[in-house]
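Line by line, the protein sequences give chains F and V.
Letter by letter, the first sequence follows residues 1 to 330 in our numbering.
Letter by letter, the second sequence follows residues 1 to 184 in our numbering.
Just so you know, these hints were derived from the structure itself, not from any lab.
Every residue, glycine too, gets a C-beta built ideally from N, C-alpha and C.
Among these hints, one or two may not hold up.
Pairwise CB distance ranges (calculated) [claimed, not checked]:
hint, chain 1, residue 1, chain 2, residue 2, range
1, F, Phe330, V, Ser165, 36 to 44 Å
2, V, Thr155, F, Thr295, 44 to 52 Å
3, F, Tyr302, V, Ala36, 49 to 57 Å
Residues from chain F that face chain V, not an exhaustive set, calculated with beta carbons under 7 Å [stated by the list, open to error]:
hint, residue
4, Leu108
5, Ala115
6, Ile122
7, Ile159
8, Val162
9, Ile164
10, Ser165
11, Met168
12, Trp309
With a straight-line Cα cutoff of 35 Å, these simulated DSBU-like cross-link-like pairs (lysine-lysine) come out [claimed, not checked]:
hint, chain 1, residue 1, chain 2, residue 2
13, F, Lys64, F, Lys134
14, V, Lys132, F, Lys328
15, F, Lys310, F, Lys328
16, V, Lys132, F, Lys310
17, F, Lys310, F, Lys134
18, F, Lys134, F, Lys60
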Amino acid sequence: METSIWRALLYLVGLMAFAGVNAAWLGWCERKGAARIQRRIGPCEAGFAGLLQPLADGLKLMSKQLLVPQGVDGIIFRVAPILAMIPAITSMAVIPFAENVGARAMELSVLLLFALASIGMIAILLGGWASGNKYALISAARSVSQSLAYEIPMLLTVITVVMISGSMNLRDIALNQQGGFWHWNIFRVENGHFLTMWISFIIFFICSVAETNRAPFDMAEAESELVAGFMTEYGSMGFGLFMMGEYLNIVVGACLTATLFLGGWDCPFGLTPGIWWFLLKIYVLIFTFIWIRWTYPRVQVYRLLNLSWKILIPFSLANLLVTAALIKVF
Amino acid sequence: MQALICQPTGSPALFSAEGMVGIIFLLTVALVVAGAAIAVSTRRLVRSVAGLAVCFTGLAGVYYFLLSPFLAMMQLLIYVGAVSILIAFGIMMATPEEQQTAGMKHRAALAGPLGFSVAALIFAALTVLGLKTEWQVFPRQGTFDIKAVGLSLLTTHGFVFELISIVLLLAIIGALVLARRGRN
Numbered sequence: 001m002e003t004s005i006w007r008a009l010l011y012l013v014g015l016m017a018f019a020g021v022n023a024a025w026l027g028w029c030e031r032k033g034a035a036r037i038q039r040r041i042g043p044c045e046a047g048f049a050g051l052l053q054p055l056a057d058g059l060k061l062m063s064k065q066l067l068v069p070q071g072v073d074g075i076i077f078r079v080a081p082i083l084a085m086i087p088a089i090t091s092m093a094v095i096p097f098a099e100n101v102g103a104r105a106m107e108l109s110v111l112l113l114f115a116l117a118s119i120g121m122i123a124i125l126l127g128g129w130a131s132g133n134k135y136a137l138i139s140a141a142r143s144v145s146q147s148l149a150y151e152i153p154m155l156l157t158v159i160t161v162v163m164i165s166g167s168m169n170l171r172d173i174a175l176n177q178q179g180g181f182w183h184w185n186i187f188r189v190e191n192g193h194f195l196t197m198w199i200s201f202i203i204f205f206i207c208s209v210a211e212t213n214r215a216p217f218d219m220a221e222a223e224s225e226l227v228a229g230f231m232t233e234y235g236s237m238g239f240g241l242f243m244m245g246e247y248l249n250i251v252v253g254a255c256l257t258a259t260l261f262l263g264g265w266d267c268p269f270g271l272t273p274g275i276w277w278f279l280l281k282i283y284v285l286i287f288t289f290i291w292i293r294w295t296y297p298r299v300q301v302y303r304l305l306n307l308s309w310k311i312l313i314p315f316s317l318a319n320l321l322v323t324a325a326l327i328k329v330f
Numbered sequence: 001m002q003a004l005i006c007q008p009t010g011s012p013a014l015f016s017a018e019g020m021v022g023i024i025f026l027l028t029v030a031l032v033v034a035g036a037a038i039a040v041s042t043r044r045l046v047r048s049v050a051g052l053a054v055c056f057t058g059l060a061g062v063y064y065f066l067l068s069p070f071l072a073m074m075q076l077l078i079y080v081g082a083v084s085i086l087i088a089f090g091i092m093m094a095t096p097e098e099q100q101t102a103g104m105k106h107r108a109a110l111a112g113p114l115g116f117s118v119a120a121l122i123f124a125a126l127t128v129l130g131l132k133t134e135w136q137v138f139p140r141q142g143t144f145d146i147k148a149v150g151l152s153l154l155t156t157h158g159f160v161f162e163l164i165s166i167v168l169l170l171a172i173i174g175a176l177v178l179a180r181r182g183r184n
């Protein structure tokens, strides 16, 4: 691998641009998708089909004053939105977009993604606390307990993938699934056994919806009870950064799902594998995120935690045992 | 990775690869020191926790420099992601924010110099120890990737591994007992 400084700079600029474009236009996709599902039109004034709307929103957010209310912990209040954004962008560095497109093929990239996700949790917690507002605090506590609860089954399902691939390197995991959809981890056949990886995939996908605090698991910003959750006190670009962080987390979650279970950049029927297949997969997954959000109502917080602790964790533990047994014993 | 180890022979040029590595190393060390300073010097407990998290992050960077990325990731995952959040949770639930140190003036007058002198003593001792010792530099043995870690955990150190899992099990049961005591 070439280690020239230009390569690093190119990836830095490219990934930042990818992150910025996604964060801006996924907002548009979300609004348009929500509108279609609710039989509305959605943004349509600025540009063709409202495509310039994100630019207008961005300009508006950036030109507004960052209001810091009284009784707020000033430093933490200002740092939290930035902290929510950084880990999501940093995670992009280890994602293999195609066989030769990817900033850094680290040995422990799966672990790094989860480590960075936990930093994002701290950002929400600090933002909610620093606001000095009880709705924000309740929301932050809910959001973090939810993320902690769903991280366990998520990691347990990731272990099954790591067991099959024998590697924690996302690039190796993707390389291991090349050559058509029957090689993908979700339909994995090992030792003549059809593994239960599709259960892993379902659990992982539910957890990634919950981890990104999306509906039906958006307890953190349940508008009807908590105003706007931990973002209540944030205006202008502080709010904008939290929103961008949320969308980037969705992108990273979709990339992770595509790489771990859906073969990364592999084509389902062996036709010119490349970055376009990877992008197609992640945007289908992101559309599913949006689709779920606007289709299902929000669950109660107790149900949410019960789902994780009483259903997903036992199932993922059993799944782990069954997968290990099928690979190694039988 | 091997090339990243800074050899102590002579100071490298600022704009070489070694110079950049050195600067990043200094940044991580500064992160550790600054985080620790914030953690002990601020009066708001949540800021202390934030400082602690910064300190842990810097420590993860130091581990990465010591060629153990696995340890660095674990540092981030466990200390930043779990321990700091747990402490922050505890503080938020208890909210001891208002109890300022009003009646502590007299004791603080004594505690400051005392604590400082103890810290200075320990620092001096460690410095002398570090400078006087004839350090033996061991060459890097084998590959310390995650496979090697896993193999040695399940073969050479299998017994310790099982003991740790028993300790964790006891901790979980203890937490359940404590949490359940108030109910019914």
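We went through each hint and held it up to the structure:
1. Roughly 25 Å separates the CB atoms of Phe330(F) and Ser165(V), a value that falls outside the hinted 36 to 44 Å.
2. Our hint of 44 to 52 Å for Thr155(V) and Thr295(F) holds, since their Cβ atoms are close to 50 Å apart.
3. Take Tyr302(F) and Ala36(V): their Cβ atoms lie about 39 Å apart, and the range 49 to 57 Å is violated.
4. A hinted interface residue such as Leu108(F) counts as satisfied when its beta carbon comes closer than 7 Å to some beta carbon of chain V; here the least separation is about 5 Å, so the hint holds.
5. About 4 Å separates the beta-carbon of Ala115(F) from the nearest beta-carbon of chain V, less than 7 Å, and the hint is met.
6. For Ile122(F), the interface hint holds, since its Cβ comes within 7 Å of a Cβ in chain V; the closest pair sits about 6 Å apart.
7. Evaluation of the Ile159(F) hint against chain V yields a violated restraint, the C-beta minimum of about 12 Å exceeding 7 Å.
8. For the restraint placing Val162(F) at the interface with chain V, the shortest Cβ-Cβ distance is roughly 9 Å, beyond the 7 Å limit, so the hint is violated.
9. Interface restraint check: Ile164(F) against chain V, minimum CB-CB distance 15 Å, threshold 7 Å, status violated.
10. A cut of 7 Å between beta carbons decides the hint on Ser165(F): the least distance to chain V is about 12 Å, and the hint is violated.
11. With 7 Å as the threshold, the beta carbon of Met168(F) comes within range of chain V, its nearest partner Cβ sitting at about 6 Å, so the hint holds.
12. At its closest, the beta carbon of Trp309(F) sits 12 Å from a beta carbon of chain V; the interface hint therefore is violated under the 7 Å criterion.
13. Of the pairs offered as hints, the one joining Lys64(F) and Lys134(F) holds, with about 25 Å between alpha carbons and a cut-off of 35 Å not exceeded.
14. Of the supplied pair hints, the one linking Lys132(V) and Lys328(F) is violated, its CA atoms being roughly 53 Å apart against a limit of 35 Å.
15. This hinted pair checks out: Lys310(F) and Lys328(F) have alpha carbons roughly 28 Å apart, not beyond 35 Å.
16. A C-alpha spacing of about 57 Å is found between Lys132(V) and Lys310(F), which places the hinted pair above 35 Å, so the restraint is violated.
17. For the proposed pair Lys310(F) and Lys134(F), the alpha carbon gap of about 29 Å is at most 35 Å, so the pair holds.
18. For the hint linking Lys134(F) to Lys60(F), the alpha-carbon distance of about 28 Å falls within 35 Å, and the restraint holds.
Taken one by one, the earlier hints fail for this structure at numbers 1, 3, 7, 8, 9, 10, 12, 14 and 16, listed in ascending order.
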